[in-house]
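Protein sequences appear in the order of chains A and B.
As numbered in my numbering, residues 1 to 103 make up the first sequence, in order.
As numbered in my numbering, residues 1 to 239 make up the second sequence, in order.
For the record, the hints were derived by calculation from the structure and aren't laboratory data.
This one's a predicted model, so the numbers in the text were calculated from it and none came from an experiment.
Honestly, I wouldn't trust all of these hints.
Stated by the list, open to error - Footprint (simulated), chain B over chain A, 3 or more residues, beta carbon under 8 Å:
(1) 14-23
(2) 26-33
(3) 65-78
Don't be surprised by glycine CBs; every beta carbon is placed ideally from N, CA and C.
Residue-level listing of the chains:
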Amino acid sequence: MSELGGPGTLAAILAMAAVTYPMRAGGFWLMAHVPLTLRLRRILEALPGAVVVATVLPILVREGLPAVLAIAAAGAAMMIRRNDFLAVIAGMTVAALARAWLS
Amino acid sequence: MTASNPDAAAKPDWSLAGLRFGAVLALPVLPGMIAFGIAVGATAARKGFSLVDSVLMNALVYGGASQMVAMEVWPDRITLASLAALALLTATVNARMLLIGASLRPWLGPLPSWQAYPMLHLSTDPGWLIAMRYRAEGGNDAAVFLGASLLVWAAWMAATTAGYLMGALVSDPRRIGLDLVMPIFFAAMLVPLWRGGRRAFAWGVAGAVALATEHLVSGWWFVVTGAIAGSLAEGFADE
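Given these sequences and hints, build the entire structure.
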C-alpha cells in the first residue's frame, strides 16, 4: 500500500521545489552572464506543447474511447470559446457520459 | 538580443501604486488559473495526499502542470531512485520557466538581488504574460510584476485548497471523469499553442517518441523523452 504522508512524501515535495526554483531563477541569472541563443530559445518555446502531447497521447491510447471523446470535446470548446473553465467542464461531462453509456 | 549589458538599463520604479495596478491587470487571468487550481487540488485529494502536503506542494513547487504529472506518477514508496525520477520529471516540465526568467532580465535586472530573486519564485506563465504586456506598453514599475504575481499566487492557493476539499468529497472520481482532468486540461492548453508547420512536426515527434517509450519502458518516462524529443525537433527543424 502507498505510504503517502510520510517523510518520503515531504522529501519528494522538497525535491520538486528544489529543481523548480532554479528553473525560475536560472534564466534570469544566466542572462546576466551569457546571451540566450536563438536555437535554445526556440527549444524552450517548443517545450510546453511537447510536454502536453507527450503526456496526453499515451493516456488517450491507454484509456480508450471515453478519453478520446472527452479531449475532443475540451478541444472543441477551447477553439470556440477560448475559455479554460468551459473546456474542462465540457471534457469532464463528455467523459462521464461516455463512461456511463459505454460500460 | 543586444550585446550590451542588460543591467545598464535605468533602475525600474518600485511603488505601492504599481503593486495595486499589477493586481488589477491580473484579474482577467484568474478564471483560468482557478479552473486549473481546482483540478490540481482535486487530483491531490484523489491521489490520497494529505491537505498539508497538498498545500506545501502548491506553495513550494507552485507549478501546476508539473504537479499534475508528478502526482499521476507518484510512486507507492519513495526511494532515492523514485525521488530522482520525480525531480527529473518536474525539471523537464518546468524548464520552460528558464525563458520567462531570461525575458525578465532586462527589466528586473537592475533591482537589488534580495528583491529580484525571491520575486522570481512567484513567476508563472500568466503573471509573466501580464507583466510583459505592461512592460511592452512602456511601463517601468517592477512592483507591477510583483502585484500581478502575488494575486495569481493567492488565487492559486485558494483554488487548489478548494479543489482539494471538493475532490475529497467525491466517492467515485472515475464516474465523473475526474481522473481525466489532467489530460483534458492539457489538451485544451494545446489550442492556443498551435502554430502549424514546424510545431505540428514537433508535436508529431513528441507523440511518436512518447508512445514508443511507453511501449518499451514502464513508468512515466515517456513524458520526459517525448517532451525533450519534441522540443529538440522544433528547435532544430530549419524550415
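Query raised in the report: Failing hints, ascending?
Result: none
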